[in-house]
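There are 2 protein chains.
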Amino acid sequence: MALEKEDIAAYFRDLQLRICQGIELADGQGTFREDSWDRPEGGGGHSRVIVQGQILEKAGVNFSAVHGPLHPKMVSSMDIQEEVDFFASGVSIVMHPKNPWVPIIHMNVRYFELSNGQHWFGGGIDVTPHIIIPEQATWFHQQIKAVCDQANSGYYPKFKAWADDYFYSPHRGETRGIGGIFFDYLKSQSDEEKYQNFDFVKEVGESFVPIYSHLMQINADRDYSKAEKDFQLLRRGRYVEFNLVHDRGTKFGLETNGRTESILMSMPPMASWEYMYDENSYPEGAKTLSLLKKGIDWA
Amino acid sequence: MALEKEDIAAYFRDLQLRICQGIELADGQGTFREDSWDRPEGGGGHSRVIVQGQILEKAGVNFSAVHGPLHPKMVSSMDIQEEVDFFASGVSIVMHPKNPWVPIIHMNVRYFELSNGQHWFGGGIDVTPHIIIPEQATWFHQQIKAVCDQANSGYYPKFKAWADDYFYSPHRGETRGIGGIFFDYLKSQSDEEKYQNFDFVKEVGESFVPIYSHLMQINADRDYSKAEKDFQLLRRGRYVEFNLVHDRGTKFGLETNGRTESILMSMPPMASWEYMYDENSYPEGAKTLSLLKKGIDWA
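Residue numbers (the numbering used here), protein chains in the order written: chain A, 1 to 299; chain B, 1 to 299.
Hints are computed from structural coordinates only; laboratory data are not their basis. The hints are all genuine.
Same chains, same label: a pair holds when it works inside one copy or across any pair of copies.
Simulated pairs of lysine-lysine, DSSO-like, Cα-Cα distance not exceeding 30 Å: (1) K287 x K158; (2) K294 x K158; (3) K293 x K226.
Taking the hints into account, I'd like the entire structure generated from these sequences.
Written as structure tokens, this is what we have:
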């Protein structure tokens, strides 16, 4: 039996709800509010957001299943000649914690299908600590390496390098955080392979709650100083820059008339910019900046 | 005697210094720090910034005079076939005040010359009130209309409409602020016309200090509540969005390896984002949002 797009979308919607339950439990106070929306050209979504939780200052979990004629911007970027319809469904998440010791996290799983028969999965999970704690970076990469290795021993090295490249701000000469995995155009030649790819995407999705609950739990009670809060606000500013200047998903969403409030759920509740920030003013910060590089073998 | 690029650049540098003096006087406390920088491919600039003045929380006045081979991104955007060198000089300014009643202001004057003989002026001045006070919006537009009318009675209507179009965020369906004037490719067919165009650009530049000093003076002592401060932070978030997503100058600078700290001088010291902001929560804010439209005849 072939794996149908409706089944994949139904899984993603269920995943969204289970992730929200898991994160509410981990936060201990915040509850998600849901806004459902329709896309004029076809389909729609459900956006779920926590504002002012106990640990999470702002957390967004977005589900969408949209379809319609392929947008001209996509036609040209995908080198497709014919006029085709597309179907896309996925879950995307960004969470901004209050405590600077808890990292920002981002996760996305998605499925894309064209009316000409092409279809593929994409996704990834990556972490942006405000202040890098190397043992935790190692732990995170080991977790996602295990998820990858279950499916294919070639995935982690390939998708880890892809994340390093994708989550890089050329104008700052730094990576957004400690990376993770990023993958796209995961295509299937057979029904069997499509199920296998879906299983991998599911494992990535299912890894979110245990990974982030752990990172919340071990860091949320840690004391922090004004220097650490200030540094968090600056790092959030860099997160804004990456998302608005470089992130293809954000740019594509805004350019193709997507739902702005859902796309920009990823913006932090508050961020700062300082002209010519002096890294020596906060030594832990200087150490973090020195680790925002491609190619670090965290696992 | 032909007007040479060196003369124009010298005027811009002098304008920068005089604007800084005027703004220091208006602020009453802040003093500009200057960073001089070289551009590896040719030329350089001087960036001047006030941090934590009395009225101004962050104010940047940038001068640059750069040259070298025209960047591929510009060649394609300007529809030039041949390989040419360019020279560009200008002053650009963004100021973020502490008090939400004082508006954000932006000004830019620039000159561009290609080794194939083409040359033109560009620039503009526009105001982004956090909370729009219609009488002040009218006053501002009357001031710049007078500057324009001195040179050419067709300038204000044309350059005002250009600013409305340029400073528009499609993804928010709103203008950045109350606009002002924006112009580009102001070309000259004769030496005499080049002097006339330069005179106009000078008048725009010279208008900055009297205009903004007045707006600072009449608003800086006004009391404000937490609701007004919160609204300022949200409007600064929209300012960040416009500059990073849409502003051609910012995008071009970042894409062509410009000096990031000078380009992003325009970022506010602190900004916020709120998912699904409810405009009814602050009536003055709702009124402001209703005025962020193209085509309002403020003058």
